[in-house]
Amino acid sequence: MIRKPILTSKEDQNFQEALKLYDQKQYKKSLKLVDQNLKKHSHAESLTLKGCINYQLGNKSECESYILKGIEKDKDNYMVNHLAGIYYRSIENYTESAKWLKAAVDNGSPNKQILRDLSILQSQIRDFKNLTTSRQQYLDFQPGYRANWTGAAIAFHLNKNYNSAYSTLTKIETIIKDHLQESDMYEQSECCLYKNDILFDAGNISKALEDLEKDQSYIKDKLAYLSYKAKYLMILGNSKEASVIYRKLIQRNPDDIDNYKNLEICLGTSDWEVEKRAKLYEKLARFYPKADVPKFLPLVFIPSTNKLFKSKVSEYILSQLKRGVPATFVNIKPVLKNAKKLKIVEEIVEEFYGSIGQYDPTVKLWTMYFISQLNYFKAKSDSKFLEESMKWIDLAIEHSPTLVELYLFKSRILKTQGKVVEASEFIDQGRQMDLQDRFVNSKTVKYYLRANNIDKAMELISLFTKLDKDAINGCKDLHTMQVNWFLTESAEAYSRLYHQYQEELNSLPEDTDEEIVNDLKEKVDINKGLAIKRFLAVVKIFGIFVNDQFDFHSYCLRRGTPRHYVQTIKWEDEVHSTPIFVRVIKGLSKICFEIYDEQKVKKEEEPIKIKKNNKKQKKAKAQFLKQKEDLIKKVESEKDDSDPLGTKVLNDLVNNSNGDIIDNLLNLTSTLINEAKDYKITWELSFKLNLIKCKYILCLQALKNLKDKIDEDELKQLIQTLSDQVSADETTNNAIKMVVEKGLASAFPDL
Amino acid sequence: MPSINLDDLTTNNLGVFKKIFGVTLPIEYSEDWYANSFDSDQIVKLAFYSELPVGAMKAKLLNIESFQGNFDNFNTSKLVSKSIPNAVYLETLSVLESYRNLGIGEKLLNYLIEETTKRFVHEIIIHVHVENTKAIDWYKKHGFVEKELLKDYYKSKGLTNPDAYILSLKV
Numbered sequence: 015m016i017r018k019p020i021l022t023s024k025e026d027q028n029f030q031e032a033l034k035l036y037d038q039k040q041y042k043k044s045l046k047l048v049d050q051n052l053k054k055h056s057h058a059e060s061l062t063l064k065g066c067i068n069y070q071l072g073n074k075s076e077c078e079s080y081i082l083k084g085i086e087k088d089k090d091n092y093m094v095n096h097l098a099g100i101y102y103r104s105i106e107n108y109t110e111s112a113k114w115l116k117a118a119v120d121n122g123s124p125n126k127q128i129l130r131d132l133s134i135l136q137s138q139i140r141d142f143k144n145l146t147t148s149r150q151q152y153l154d155f156q157p158g159y160r161a162n163w164t165g166a167a168i169a170f171h172l173n174k175n176y177n178s179a180y181s182t183l184t185k186i187e188t189i190i191k192d193h194l195q196e197s198d199m200y201e202q203s204e205c206c207l208y209k210n211d212i213l214f215d216a217g218n219i220s221k222a223l224e225d226l227e228k229d230q231s232y233i234k235d236k237l238a239y240l241s242y243k244a245k246y247l248m249i250l251g252n253s254k255e256a257s258v259i260y261r262k263l264i265q266r267n268p269d270d271i272d273n274y275k276n277l278e279i280c281l282g283t284s285d286w287e288v289e290k291r292a293k294l295y296e297k298l299a300r301f302y303p304k305a306d307v308p309k310f311l312p313l314v315f316i317p318s319t320n321k322l323f324k325s326k327v328s329e330y331i332l333s334q335l336k337r338g339v340p341a342t343f344v345n346i347k348p349v350l351k352n353a354k355k356l357k358i359v360e361e362i363v364e365e366f367y368g369s370i371g372q373y374d375p376t377v378k379l380w381t382m383y384f385i386s387q388l389n390y391f392k393a394k395s396d397s398k399f400l401e402e403s404m405k406w407i408d409l410a411i412e413h414s415p416t417l418v419e420l421y422l423f424k425s426r427i428l429k430t431q432g433k434v435v436e437a438s439e440f441i442d443q444g445r446q447m448d449l450q451d452r453f454v455n456s457k458t459v460k461y462y463l464r465a466n467n468i469d470k471a472m473e474l475i476s477l478f479t480k481l482d483k484d485a486i487n488g489c490k491d492l493h494t495m496q497v498n499w500f501l502t503e504s505a506e507a508y509s510r511l512y513h514q515y516q517e518e519l520n521s522l523p524e525d526t527d528e529e530i531v532n533d534l535k536e537k538v539d540i541n542k543g544l545a546i547k548r549f550l551a552v553v554k555i556f557g558i559f560v561n562d563q564f565d566f567h568s569y570c571l572r573r574g575t576p577r578h579y580v581q582t583i584k585w586e587d588e589v590h591s592t593p594i595f596v597r598v599i600k601g602l603s604k605i606c607f608e609i610y611d612e613q614k615v616k617k618e619e620e621p622i623k624i625k626k627n628n629k630k631q632k633k634a635k636a637q638f639l640k641q642k643e644d645l646i647k648k649v650e651s652e653k654d655d656s657d658p659l660g661t662k663v664l665n666d667l668v669n670n671s672n673g674d675i676i677d678n679l680l681n682l683t684s685t686l687i688n689e690a691k692d693y694k695i696t697w698e699l700s701f702k703l704n705l706i707k708c709k710y711i712l713c714l715q716a717l718k719n720l721k722d723k724i725d726e727d728e729l730k731q732l733i734q735t736l737s738d739q740v741s742a743d744e745t746t747n748n749a750i751k752m753v754v755e756k757g758l759a760s761a762f763p764d765l
Numbered sequence: 293m294p295s296i297n298l299d300d301l302t303t304n305n306l307g308v309f310k311k312i313f314g315v316t317l318p319i320e321y322s323e324d325w326y327a328n329s330f331d332s333d334q335i336v337k338l339a340f341y342s343e344l345p346v347g348a349m350k351a352k353l354l355n356i357e358s359f360q361g362n363f364d365n366f367n368t369s370k371l372v373s374k375s376i377p378n379a380v381y382l383e384t385l386s387v388l389e390s391y392r393n394l395g396i397g398e399k400l401l402n403y404l405i406e407e408t409t410k411r412f413v414h415e416i417i418i419h420v421h422v423e424n425t426k427a428i429d430w431y432k433k434h435g436f437v438e439k440e441l442l443k444d445y446y447k448s449k450g451l452t453n454p455d456a457y458i459l460s461l462k463v
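Chain order of the listed sequences is A and B.
FYI, in the working numbering the residues of the first sequence are 15 to 765.
FYI, in the working numbering the residues of the second sequence are 293 to 463.
Chain A on its own, in the form it takes in the complex (with noise of 0.2 Å):
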């Protein structure tokens, strides 16, 4: 028998004991045994749980070295493996973690709830095919938990592996049927209903079928059930079945357009003639008199030419007025897009506001905006009736002063007319009759920020902020509740400010005094500074947001919610699509292009020499920096901001500090390239960005993403300036040239 090396198992002990102290979080305590252990060997498990321990310690700096030597010295060894894991883990490096966490599964770790935190980790970085193992292996140690069966469905479902999530789920059942309390019963039912929706994933439509029909009593969710039904007996082809389960949905929510829509396809009514379709509908409208469905879907079926639509158009429209619906012109509007039908309704209303006189005045309040909300919509197209609609909107305020809908309405279209500062000051009126209107005061914030009014902007907004006490205004508050509105809405109106006071700096005349050069010359690079903190404060939040996914992946095992799990995921990955999010980035994009073409230039110019104008200056700086001092009060992202007016990240941006700025960018941007490939912007800033750093393949499928997106005169610009830079390029391989000529030619023959 060989014994070992007392030395070893000191130092082993000494870990041990490191280990369980760093676990109670003595982390200060533990640091001293390791480095006693590594005063004279290096010891792998030792050098790794040093990482760790200064990574709690708050020495950020000194953790990955002692990780990677760790693994250096004994990466094999599944307590190094652990911690890096560990390590990675908590830098949110998932995918490096979940590396580590699962070579020390393979390297025979005996903890086996590293396969949890493993499979949380293979979820968020959607390793699906690895997560199914992991899955297996945690439900193979703890089959006791129906939560680690459903996982185990989760991961092959989302693998496509769609007979094994079956059968987990199918085994799971059985074996758990006879023991079910009442207490389970929700999670039973959610169950039921994902694997149903597994076996619809895999288009086994009638097992699918077969199966609700058996669950049936289990399922609470009764909704669900008709929906599924009916869907699954649609596809079927029993059209009939079908459609009195689409009744039975109506009858259950009539204000649901999709049942509608549904019942019409189970009855093929695409070649009734118009009469019969819309007796249909008179006959829902009898049986549901409150819904307004079936009042407003034969307006959109009805040609205008046909008589019956003048009658019921009328009777839609003139009925609402008469009860003084606020969204009468809403709910019209989509109709509206058919030219002929605008004009029916037009003259209907001009009718009926002859004969006003007899209703309340109520009613003639509600058709005045009616009719100055119909010409609004017609300056779409024509911007002469926006007078029109300015004409009628002053005559409802006159007759109703205290509605705020209609100072709503009128700023917009002050709005619309360019004059921004005059509709921010119009619908303060408004609001301020009103204070308590949550939703008037976040539009009377809007303009104001349109206006470019921040201050009182946020004024305005902090009304409704925590405010903690000390706060001077809510600008804290509205990052850590992620007001992504807020937050661009404002990045755009500094960004407008740095181009207003740019555009002044650039046209002073020469022999301008130096202190009204410097003064404007800081307003920029404040402003500047301000709208990529606020652009980038967004980019953080959809960070959040993806991380925010982390707990969930165990969560809603453990609640038994897979099919709001799996809808969740869904949305994750496609969360960059976001509309604020693609905002965002034009907007950020616009400036560092900015920023990258002053640096083309300052590099071919000498630096300026400033002459120095010492005792007024240093007047003005101190008068400045008091300014500057309740600027930042104001502006700070967060308690004890560091860069509370942006000019670290703008100085980083202008000296490349965190790497190349279009490198920046493209990272950026590759998110929309993943997630949002419907843009324009996308593929114009994919564009852009390759065509600066002569990926020319890049380009090309950019362009070709742009094909039905922007007009051909557009495209023929990009598509000559791709070929120029191409041929013009003496250091691309020969063979990529070719490569983007022939791509050009194939795929815009005609241009």
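Do not rely on the hints blindly, as some may be mistaken.
As the list claims (entries may be wrong) - Cβ-Cβ distance ranges computed for the label pairs, FRET-style:
| no. | chain 1 | residue 1 | chain 2 | residue 2 | range |
| --- | --- | --- | --- | --- | --- |
| 1 | B | G314 | A | E419 | 14 to 22 Å |
| 2 | B | I319 | A | F301 | 55 to 63 Å |
| 3 | A | D565 | B | S332 | 52 to 60 Å |
| 4 | A | L477 | B | Y321 | 54 to 62 Å |
| 5 | B | I319 | A | L322 | 53 to 61 Å |
| 6 | B | G314 | A | I594 | 33 to 41 Å |
| 7 | B | G314 | A | T319 | 46 to 54 Å |
| 8 | B | H414 | A | F301 | 54 to 62 Å |
| 9 | A | Q514 | B | G314 | 51 to 59 Å |
Everything labelled a hint here was simulated from the structure, so no lab data went into it.
The beta-carbon is built from N, C-alpha and C at its ideal position, and this holds for glycine as well.
We have chain A; now place chain B onto it with these hints.
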């Protein structure tokens, strides 16, 4: 039939209150005058027609002995703490022009009468501009009697004929 309801004035809808008086009255009141609406000697109310605010009323308790002077010193004076209130002075009562003759003013007035008697006070008095015959007729219709003519009451406000009638209602 559209409903007519009364509701309290709050700090959040004070703007509506100002708006109604602003568009219906020929004279402007000061910010202070609006701000004291929440004092304990005040009787204020808003009237809603189909949930739209269209009418407003503001009155205060006072002692009839102090009932003198012209518009300015009168509207800024407060009830002297020691004197016992024995009348309610109706400062303003307005309904938006488009919503008149629908019973809204009457509802406000009835509320005021109710509040007055609750406070064991038995007289409501008002000033009305002599030219405002519509208002004078309206008040008379509702039981007010003409007491005297005050010369130059509205002089500081620049009205063409600055005299005012005092009308009174015993309740």
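So, going through the hints one by one against the coordinates:
At roughly 19 Å, the beta carbons of B/G314 and A/E419 sit within the given window of 14 to 22 Å. Remark: the range hint 55 to 63 Å for B/I319 to A/F301 is upheld by a beta-carbon distance near 58 Å. Restraint check, A/D565 to B/S332: a C-beta distance of roughly 54 Å satisfies the suggested window 52 to 60 Å. At about 25 Å, the beta-carbon gap between A/L477 and B/Y321 misses the expected band of 54 to 62 Å.
A C-beta distance of roughly 56 Å is found between B/I319 and A/L322, which places it inside the suggested range of 53 to 61 Å. Distance hint for B/G314 and A/I594: a CB-CB separation of about 39 Å, consistent with the stated range 33 to 41 Å. With their beta carbons about 50 Å apart, B/G314 and A/T319 fall inside the hinted range of 46 to 54 Å. Under the hint 54 to 62 Å, the C-beta atoms of B/H414 and A/F301, about 59 Å apart, fit the expected range.
Between A/Q514 and B/G314 the beta carbons are some 36 Å apart, a value that contradicts the proposed interval 51 to 59 Å.
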